[in-house]
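K.L.:
Here is what each chain is made of, one letter per residue.
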Amino acid sequence: MASLDTAASPRNANSLLRYLPNVRRAAGLVLLGILAFAFIVPILWMTVMSFQAGEKMFQLRTEWIPTVWHLENYPNALSRAAFVQYFVNSGIVSLIVMIGNVVFCTLAGYGLAKFHFRGSGLVLLLILSTLMLPLEVTLVPTFLVIHKFEWMNTYQGLVAPLLIDAFGVFLMRQSIMSIPSDYIEAARIDGAGELRILLQIIVPQCLPALSVLAIFSFRDSWDQFLWPLTVVSIDKLRTYPLGLVQFGEDYGNPPTEQMVIAVLATLPVFLLFAILQRSVNRGFGLSGLK
Amino acid sequence: MADLTSINPYASGNLSGPPPAVSRFWQMHHRQRIRLWGIAFVLPTLLFFAVFKYGPMMWAIELSFNSYDMVSAPRFIGLDNYRELAADPIFRETLLNTFVYIAGSTILTTIVGLSLALAINTGIPGARYCMTAMFLTNLMPIIAVCLVWRFLLHPYGLVNQILQPLGVGRIDWLTNSWTALPAIIMVTVWRFAPYFMVVFLAALLALPEDYYEAAELDGAGAFRRFIHITLPLLMPTIFFVVVVSALLCARIFLMPYLITGGGPGNATRVLSMLIYETGFSYLKMGQAAAISVVLFAIMLVFTAFQIRLFARSEQVYM
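Chains as they are written, first to last, in numbering that gives the first Met the number 0: chain A, 0 to 289; chain B, 0 to 317.
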C-alpha cells in the first residue's frame with residue numbers, strides 16, 4: 000500500500016523525501032538514545048570511578064576509560080570496614096520487609112477487593128490514610144514505641160515499622176479486583192478452602208502486581224537510611240548505608256572505594272529487576288509497548 | 000477439600016430442585032464465615048497500622064504539647080512548642096525551603112516525566128530499551144545517588160565539565176546558597192522523572208486510538224493532536240503524578256542530608272531533617288513532635304487529594 004501511495008504522489012520525484020519517515024525514525028532513535036545515555040551517565044561514572052586510581056576522581060577532564068584498571072579497589076574497600084556484615088544486615092532486613100509486604104499486602108488487598116463486610120470502605124480509607132504518615136513524619140514516636148518494646152539495636156526494631164506499606168495494599172487490591180469473582184465462587188462451590196483459593200487462584204493471576212510490589216518494597220528498605228540511623232547504634236547491626244556514610248566521613252578513605260560500595264549496593268536491585276523485568280512491565284501496564 | 004462437602008450442600012453435587020430450608024441456613028452461615036475470612040485477611044494490616052502509624056501519630060500530637068528529653072518525664076507546656084517554632088527563623092526558612100523544594104521538584108518532575116513518556120511512545124524501534132535504561136536511575140540505591148551526585152556537582156565535577164564549553168563559568172553548586180537547592184531539585188528530577196515516565200507511558204498506551212485516527216483524517220498536526228486529545232485525556236494522570244510527587248518530595252530526607260548537609264547556612268534544610276536534628280541531636284522530643292505535626296498537616300492536604308483520586312481510579316498505579 001505504501002508503494003501505491005508513493006507512486007501516485009508527486010513527491011515521488013524527490014527520492015530523499017521518500018525515505019523521510021525512515022530518516023525521522025533514525026533521528027528520533029538517536030535523540031532518544033542520547034537522552035537515555037544522559038540519564039545513565041551518573042551510573043556509568045560511578046562504575047568507572049570504582050576502578051580508577053584515587054586521584055583521577057577530581058581531574059579537570061574525566062578519564063572514562065581507566066589507563067590502569069584498579070581492580071584491587073574492590074577487596075580494599077570491603078576490608079576497610081565491616082562491609083560484608085553491613086551488606087548481610089541490609090540483605091536480611093530487606094528480604095524480610097519484602098516478604099512481609101508481599102504476604103500482608105496480598106492478604107489485605109484480597110480482603111478488601113473480594114469480601115464485602117460491614118465497614119470495608121472505612122477500612123480501605125484507614126489504610127490509605129497511612130500514606131500521610133511515612134516514617135519521616137512519625138519518626139520520634141515510632142522511635143519511642145520501639146524503645147518501649149526494647150527493640151533498640153535488634154533486627155525486629157530495624158524491620159518492624161517497614162513491614163507493611165499502604166501503597167502495596169492498594170496495588171494488590173486494584174490488581175485482585177480485576178480477577179472475575181466467578182472464579183472464586185466456582186472454587187468455593189467445588190469446596191476449596193479460602194486459603195487455597197488465595198494461593199491457587201488469586202496469586203497466580205496477580206504475579207505482575209506482586210513483582211512490582213516485590214521490587215519496590217525491596218528497594219525501599221534497601222534504601223532505608225533514616226530509620227537504621229535512628230534505631231541502631233552498634234556496629235554489628237549497621238546496614239550498608241550507615242557504614243558507607245561513616246566510611247566517607249572517616250579521614251583518608253579514598254572516594255573511589257566509596258564508589259566501589261555504591262556499585263556493590265546497586266547490583267542486588269538491578270539483579271532483582273532483571274529477574275522480574277518482564278513481569279514488572281506487565282504490572283505497570285506496559286505490555287502494549289513495542 | 001473433602002471435609003467441606005459435608006457442610007456445603009452445593010459441594011455434594013445434589014443441586015437438582017430448589018434447595019431445602021436447611022440448606023438456606025447453612026448457606027447464610029457459609030456467607031458469614033466467608034465474611035469473617037475477609038476480616039481476618041485485613042486484620043493483621045490494620046493492627047500493624049494501629050501500632051506503627053495511628054498510635055505514633057496520636058503520640059506525636061500529644062508530645063507536641065509537652066517538653067520531653069527522654070530523661071525526665073514529659074512536662075505539659077501547652078502551645079509553647081508551636082509558639083517557639085513560629086518565632087524561630089531557622090524553622091521558617093526550613094518551611095519555606097520545603098515548599099520551594101516540593102513545588103520545584105513536582106513541576107519539573109511532571110514535565111520531564113511526561114516529555115520522556117511522549118518520546119518513548121513515538122513508536123521508535125528500540126524505545127523500550129531506552130525506557131529500561133532510564134528507569135535504572137529509579138532503582139539505584141538513593142545513597143549511591145547522593146554520593147555520586149555530590150561528586151558530580153563538585154566545582155571540578157562532571158556537571159561543570161559539561162557546562163564549560165557552553166560558556167558557563169565554574170559554579171560551586173553545593174556551596175552557593177542560590178544554586179544548592181536548585182541542584183538538589185535537579186537530582187530529584189533525575190531520580191523520580193523516569194518513574195513517572197512509566198506511569199505516564201502506561202496511561203498513554205491505554206488511550207483510545209480511534210480519536211487519533213479521526214483527528215489525523217481531519218488533518219490535525221501532531222502538536223494540535225497533543226493539545227486537544229492527549230492532554231485532556233491525560234489530565235487525571237497528570238493530577239495523580241503531581242500529588243504523588245508532592246508526597247514523595249514532602250518527606251525527602253537523605254538528599255539534602257547527604258549532598259549538602261542542609262547548607263550552605265540553612266539553604267537546603269527541609270522539615271524532615273529538622274525533625275531528626277531537633278529530636279535526636281538536641282533531644283527536644285516535644286519540639287520535634289511539633290515539627291512532625293506541621294509536616295503531617297502538609298501531607299494531609301496532598302493525601303486528601305490522593306485518596307479522592309484513588310477512589311475513582313481504575314488503573315493500577317504504584
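No wet-lab data here; the hints were simulated from the structure.
The structure displayed is predicted, hence computed values, not measured ones.
Beta carbons: idealized from backbone N, C-alpha and C, even for Gly.
A portion of the hints provided could be inaccurate.
[To be verified] Covered stretches of chain A (chain B as the covering partner; in silico rule of three or more C-beta atoms under 8 Å from a C-beta of chain B):
1) 122-132
2) 230-238
[Unchecked claim] The following residues of chain B were derived to be distant from chain A, with all beta-carbon distances above 12 Å:
3) 59
4) 126
5) 135
6) 166
7) 209
8) 210
9) 222
10) 223
11) 227
12) 237
13) 250
14) 279
K.L.:
The structure should be examined with respect to each hint, and the outcome stated for every one.
P.N.:
Hints versus structure:
1. Coverage of the region 122-132 of chain A by chain B holds in this model, with 10 residues showing a Cβ closer than 8 Å to a Cβ of that chain against a need of three.
2. Remark: the region 230-238 of chain A is not confirmed as covered by chain B, as 0 of its residues place a Cβ nearer than 8 Å to a Cβ of that chain, below the required three.
3. At roughly 5 Å, the least C-beta separation between residue 59(B) and chain A is not larger than 12 Å, which violates its mark as non-interface.
4. For residue 126(B), the shortest C-beta to C-beta distance to chain A comes to about 6 Å, within the 12 Å cut-off, and the non-interface label is violated.
5. A cut-off of 12 Å between C-beta atoms contradicts the statement that residue 135(B) is not in contact with chain A; the least separation is 6 Å.
6. Every CB of chain A lies more than 12 Å from the CB of residue 166(B), the least distance being 17 Å, so the non-interface label holds.
7. Every CB of chain A lies more than 12 Å from the CB of residue 209(B), the least distance being 15 Å, so the non-interface label holds.
8. Residue-level check passed: residue 210(B) sits 16 Å from the nearest beta carbon of chain A, beyond 12 Å.
9. Non-interface status of residue 222(B) relative to chain A is upheld: no Cβ of that chain comes within 12 Å, the nearest being about 15 Å off.
10. Every CB of chain A lies more than 12 Å from the CB of residue 223(B), the least distance being 18 Å, so the non-interface label holds.
11. A cut-off of 12 Å between C-beta atoms confirms that residue 227(B) is not in contact with chain A; the least separation is 23 Å.
12. Taking the minimum C-beta to C-beta distance to chain A, about 17 Å, the non-interface status of residue 237(B) holds against the 12 Å cut.
13. Consistency note on residue 250(B): stated as away from chain A, yet its beta-carbon is not over 12 Å from all of that chain's, at 4 Å minimum.
14. Under the 12 Å C-beta cut-off, the non-interface status given to residue 279(B) relative to chain A is violated; the minimum distance is some 6 Å.
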